[in-house]
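J.: Here's the letter readout for the chains.
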Amino acid sequence: MLVGNIATVVLVSLGAVFFLAGTVGLLRFPDSMTRLHALTKADNLGLGLVVLGLLPQVDSVLAALKLVAVWVLTQLAGATVTQLVARAVWRGGGS
Amino acid sequence: MSLALLADAALVLLVLGLAFWINAASRAFPAVVGYVAFGLLLALAWLRLSAGDVAMTEAAVGSGVTGAVLIAASVRLRSAETEAPPPALPLRLLALLLSGLVTAALAGLVLWTTGPAPSLADQAVQHLPGLGMGNAVTGVLIAYRALDTLLEKVVLLLALMGIWSLAKDRYWGGIPGPSRIQPTNGALILLARLLPPIGIVVAVYILWVGATDPGGAFQGGAILAAMWLLVMLAGLRDAPAISRPWVRLCVTVGPAAFIAVGLTGFALPNGFLSYPDSIAKPLIIAVESVLTLSIAVILGLLVAGPPERQP
Amino acid sequence: MIWLAATLLLPLAMLFACLSQTLRYRMSNWLSVAAVPGLGAALFAPEASLDLPPFLLRLRLSLDLPSAILLGVAALLWIAAGVYAAAWLRDDPRRGRIAEWWLLTLTGSLGVFMAADLVSFYLLFSMVSLAAYGLIIEGRAADAQKVGLIYVALAVFGEALLLMAFVMLAQSGSASGPGDGLLIRDAVAALAVSPWRNAILALIIGGFGVKLGMVPFHVWMPITYRTAPIPAAAALSGAAVKAGAIGLLRFLPLGLALPDWGNVLTTLGFISAFYAVLIGVTQTNPRMVLAFSSISQMGVIAAVFGMGLGAPNADLALIVAFYAAHHTLVKGGLFLGVGLAPLSGPRRTWLVLVPAAIMGLGLAGLPLTGGALAKLAIKPVLGDGWAGTLGILSSLATALLMTHFLFRLAALPEAVAPNALHGRLRWSWLMIAAASVVVPWALYLMVMSGSVAYALSPASLWASLWPVVVGATLAAGLRPWGSRLPRVPDGDIVMLVAARVARVAGRTAAALEWLDGALRQWPVAVLSLLAISAILAALMLVRV
Amino acid sequence: MTPATLYGLCSAVLVGAGLYGALVNPQPLRKILALNLLGSGTFLLFGVIARRGAAAGLGGDPVPQAMVITGIVVAFSATALAVALLLRVYQETGRTTLEQPAPKDVV
Amino acid sequence: MIAPAALLVLAIILPAAGVVLALAAGGRGAERVAMAVIAGGAAIALAIAGTLWSTGAPLSYIIGGWAPPLGIALRADGLSAFMLLTSALVIGAIGLFARATYVQPAGTPERRAPLVFWIMLMGVWTGLNAVWLAGDLFSLYVALELLTFSAVPLVSLEGKPETLAAALRYMLFALIGSILYLLGCALLYGGYGTLDIVLLSRLARPEPVVFVALALMTAGLAAKTALFPLHLWLPPAHAGAPAAASALLSALVVKGSFILMVRLWFDSLPGIAGDGAAQFMAALGSAAIIVGSVLALRQERLKLMIAYSTVAQIGYLFFLFPLAGAAGDWERLAWTGGIMQLVAHAVAKAAMFMAAGLIGEALGHDRIAGFAGLGRALPVVMFAFGLAGMSLMGLPPSGGFVAKAMLLTASIGEGQWWWAVVIMIGGLLAAGYMFRVLTPALAGGAAPVILAARISRPRQAIVLGLAICALLLGLMPLRPSALLEVGRTTQAAEVR
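Protein chains in written order, with our numbering: chain A, 1 to 95; chain B, 1 to 311; chain C, 1 to 544; chain D, 1 to 107; chain E, 1 to 496.
This is chain A alone, in the form it adopts within the complex (with noise of 0.2 Å):
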């Protein structure tokens, strides 16, 4: 079970740690296409690795599909969310 823990850690603060960046990114970053670009791909890879470290901590199979269900439908409505605010970025201009 060791070996399960040390990976649970490793992995969330990865994870962590490209959350982090995202926000950074969202902070610095002059316009809002680039902020967007940022917030998704640090934030989808963030959440991937944090789902990958619960994996082993997980006691049903079940409940390990949830959390991939999870990350699957968030991948999804972030996608679509993202192109919906840059086509309005793009048409609209302004913040």
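In case anyone wonders, no lab produced these hints; they're calculated from the structure. Don't take each hint at face value.
[What the hints assert, rightly or not] Residues of chain E placed beyond 10 Å of chain C at every Cβ, according to the derived structure: (1) Ala-24; (2) Ala-43; (3) Leu-85; (4) Val-103; (5) Gly-159; (6) Gly-177; (7) Gly-276; (8) Arg-298; (9) His-365; (10) Gly-427; (11) Val-449; (12) Pro-458; (13) Leu-483.
[Claimed, not checked] If you only want the chain B side, here are some residues facing chain E, beta carbon under 7 Å, derived: (14) Leu-109; (15) Pro-118; (16) Pro-255.
Just so you know, even glycine gets a beta-carbon here, dropped at the ideal spot from N, CA and C.
Given chain A, put chains B, C, D and E in place with the hints provided.
T.: Chains B, C, D and E in isolation, oriented as in the chain A frame:
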């Protein structure tokens, strides 16, 4: 334990920060976006208070559907932003003083009341097996305080009728929403085709699991409504005309079933809104599923608004 | 017993009949019939009493001798005025509505003499005062509505005072618990012991003072009698105003000796008596002069009540009832005369002026008339002190005022009217004139057990003659200077006070309107919501 | 300082913020938002009380939690009705202020 | 026949089922369902009141067999019986009155106004019956919301711009009120673990959590009752609403939250509020009477005048708190007087608003200045208006007189004479604004009044019938009513 407390403190600060942002934002749209985020964070807070059912309801309805309504409204009201000046300074100071007084009173009471808080938890849990239920909150909603839930459904119906009554006479019986949304946005169409099937499965699962774990009729209904709204927003299907018989039927079947089952209770020893011991669970699940259907349609139509186009 | 019920039921039945349009238009011809049962009750059932069934508020109607006299005389006047009205309103388009208000006022006016318990008294009293309002706004005068509003404002104010007094009376009457349908007799009996005795007495004098037109509250009487149609004015000034008299008669604790309250009432009475004459003399419209004479006579009645309060006198009630009865007939008759004078053409002097003179000077105590008997009756009550002399002076003043009235009556311009009208008018005028002499004599002999010898003895004849002679000569002498007297505006005090009160009321109303506007702004409303919760919490915490 | 007390204070502040927002903000839409804040604060107070009443193996007393769910439903339908009313007022008058026209010139 | 206790459930569930059925049936079906519900509801109200009158004991019904504190109990005492009867009478009259305006002609496509009106009428009735009968404070919250959600669409039924704004203002202010009430419920539950009225009355002690809770709940309910400083929404809402709706709002909807306040102060937390708070409430009531009446005097439009008269007449109800607190004879008289004032005002105000509606229809406007000679044009309507006015003024033999006489006697009996003075002033001012309308109407105007529309006889008969009911209430003896005391002595006896 202090680490968990630290996390809670961070969450509380974030929630309060968003609350002040909502009040302070210069324009309505950013405030509404802030409110949606506030709602989701509040759902986390409910989880910390170990109230799973409430967290789901808050996320689905408190921030989700309410957010949809408010965002749509803030966009339509964008041009009417700048008229009224805020009230004069003395009024604002007095407002600050009095709301601060209320906050202080509540905070004082929260801090001051020590000792074991009286609770109905054990009574609720003790009678659950009789109903064949595992989730105490659903037990309270469907059995112990069933009258409140019944009246709440009537409230939903009246709210829907209230919104429909705001239609102009010539549009009565027509289709809600200012104009038919054209399916042009590729990404949204993809989502609207992919997500609903999953959403329906999740909704049914939540309805079913509500008997034993957090979930239940309302949360399931809210997810179904969200899926229906997604399809409508993507333009794949137009909102139904309110004079359609199936709309009237779906809207009224839930409360009607609940009242009917309640009335059958008169034949039982425990009277109105009591369930026969032998078939308590299946009966409750049946009632809940019909309620879910009704709630989904009602919530969808509440968001769609009053009819503004000819049928 | 059935007479009492009939007195109320007949007019109400006729009122109900007015619902049908056809009957409504012909009702004005039958107005005189409505008062007949009242006369019957007074004549045939003076001691009767009637308890209404419990579901009807457990009311009780009962008559005793003084109220029977007042009822009989009032009914007589209502009959005469009814006959007069039948002719007077024959082609008036509004006679339907006037008939309705007439019947309502009649019911109240006759009923108030019979009421024996608090609730029915208040019910009938408010009926007579509010229904009279209807008669006023039907008057032809331009400002009928304004006069109506002034009248109803004061009437409702008087009633509010009375309601408060009755509530306190009911309280002290049943100190144990809240009883209901309390009899006036028991309530007044318990007045001696009640902690709010002075408050109750003040309210009663105030409430009935408004109805009797005592000085500060008299303002409504002159303008009302000037505005109401003649028959209505006659009935109001004669019979309806006596509701105040019966009120004082029933509610003042005449058994108790209350010298201080007695003096207050007497002084108020005499102030009204003399003030009214002062203003009356300056009036040109004969109806206004008559109205001021009513105020003066009611002042005398109040003074007599005051003396009665001071020194308890067994048959005070009877004396006052007799005096008031005479005044009812004379005042009502004179108003009818004022209506008839312009229409009687050449025969005016004999047909109208002579009987009017007899009745008018009779008020001042002309020997051989009912008035002399009335003055004789109240002499022992007023006694010989300052009250007695003031009594004689008031007779003199009344003589002065009445002579002035006769001059104004003679000066009325001729009016043309179809002669078919005259028959009924003349008949009812002569009937009331005769009654104003015959009825007091009949009452004096049979009821007051007075001796004819005493009445006709030279001493009493002279005692009642000289004030009349002096008053008349004074009025005749003053006539040339009459035109230089100051022109007092119509409502005298009310005009002076009304302007200022209206301005103050307008300002406060505007201030309240601004306050309401301010409070209904959204932020202020929510602030007051939070303020109320804070204050409530504080009040509860502080109490601990 | 248990978590429940912390959220209790958070609910108190939310109630204060909600009241202040409803009072000061002239825009009706912002008032509706503030009222939702006020509602969330009140429901959070219910949640805190439920958490304190945790017993019999449950994380919190189910009765107040059920009340909160009913409350959220009612609050949402109120928001939906208020927003629909506001949109219709805007459609009819082109303005959205709640200013009170002096009673004289009402219709 | 159904067990009397079960009637309590039917009283709430019948109109609720009516709402659901009417929405499902739609069109003409809605009116038929509503008529059936009116008949059924009246029968139920009479049956409950009859049982209470004969047995003299309060009724109670445990929902689903779950006894409080876990479950909810419905309770009917004397006060509930009075209110059930009043609601049945007034809603019945309004229903019959409104059949002419909200008719769905056969064969035509479904119209908006009729369907909405009948559904909202039954929604209001559900809310009202739940307020009269529910024994749990949270169920009462849901009942209040039911009331508000059916009242707001009634205000904006005609869709005129200012009625929409009035409805929005009413909605938002009522929302604040109900959330403050909910806050109070949370505190009470936190303190005592139950929200049942009877259990709370046994557990509650004078301590800060109860004070803050009671203060917040009272303020919230005062906002929904439009007590004086919080009446911003009432005049435009009640004046703008259609005749039948404004009659319903002024007569009953406003009273729902007041009765809840009475339940709190007298049944659920007896003797906790203390005299200072009770005097403060009555002081606000007095301010309501004075300012409301003066404002009513200054209005040019009839319906606004009647709306302000509602603000004033509501003030009288708040004399209940200082006068009917303890358990003495005068207190019982004040209790009967206060409830009689509520019932008399409900019946009289409903008749008056309907009469005003008919006048508005007939003349085409409701400016008081243009009422000269109306008495001849609409005799029956003006007569009914006058009778209702008599009850508002408190002239005998009307219900208003009985109520005011009882309140006067009680206030003098208990030595708080200042309330008596305010009642007097209120009566005078009421006479002022009533005669301001009656005088031009009764005095014959010069020009004959030309009517824009003919008013059908049955509608005039309904208005007259209701006004006569307000008069018949005056036949009640000036003694504490036995029915009103049913089920009350127990709480009062336990006063600490």
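J.: The structure should be examined with respect to each hint, and the outcome stated for every one.
T.: Structure-based check of each hint:
no., hint, in the structure
1, Ala-24, "39 Å, holds"
2, Ala-43, "24 Å, holds"
3, Leu-85, "18 Å, holds"
4, Val-103, "30 Å, holds"
5, Gly-159, "23 Å, holds"
6, Gly-177, "8 Å, violated"
7, Gly-276, "4 Å, violated"
8, Arg-298, "6 Å, violated"
9, His-365, "20 Å, holds"
10, Gly-427, "6 Å, violated"
11, Val-449, "15 Å, holds"
12, Pro-458, "17 Å, holds"
13, Leu-483, "16 Å, holds"
14, Leu-109, "5 Å, holds"
15, Pro-118, "3 Å, holds"
16, Pro-255, "5 Å, holds"
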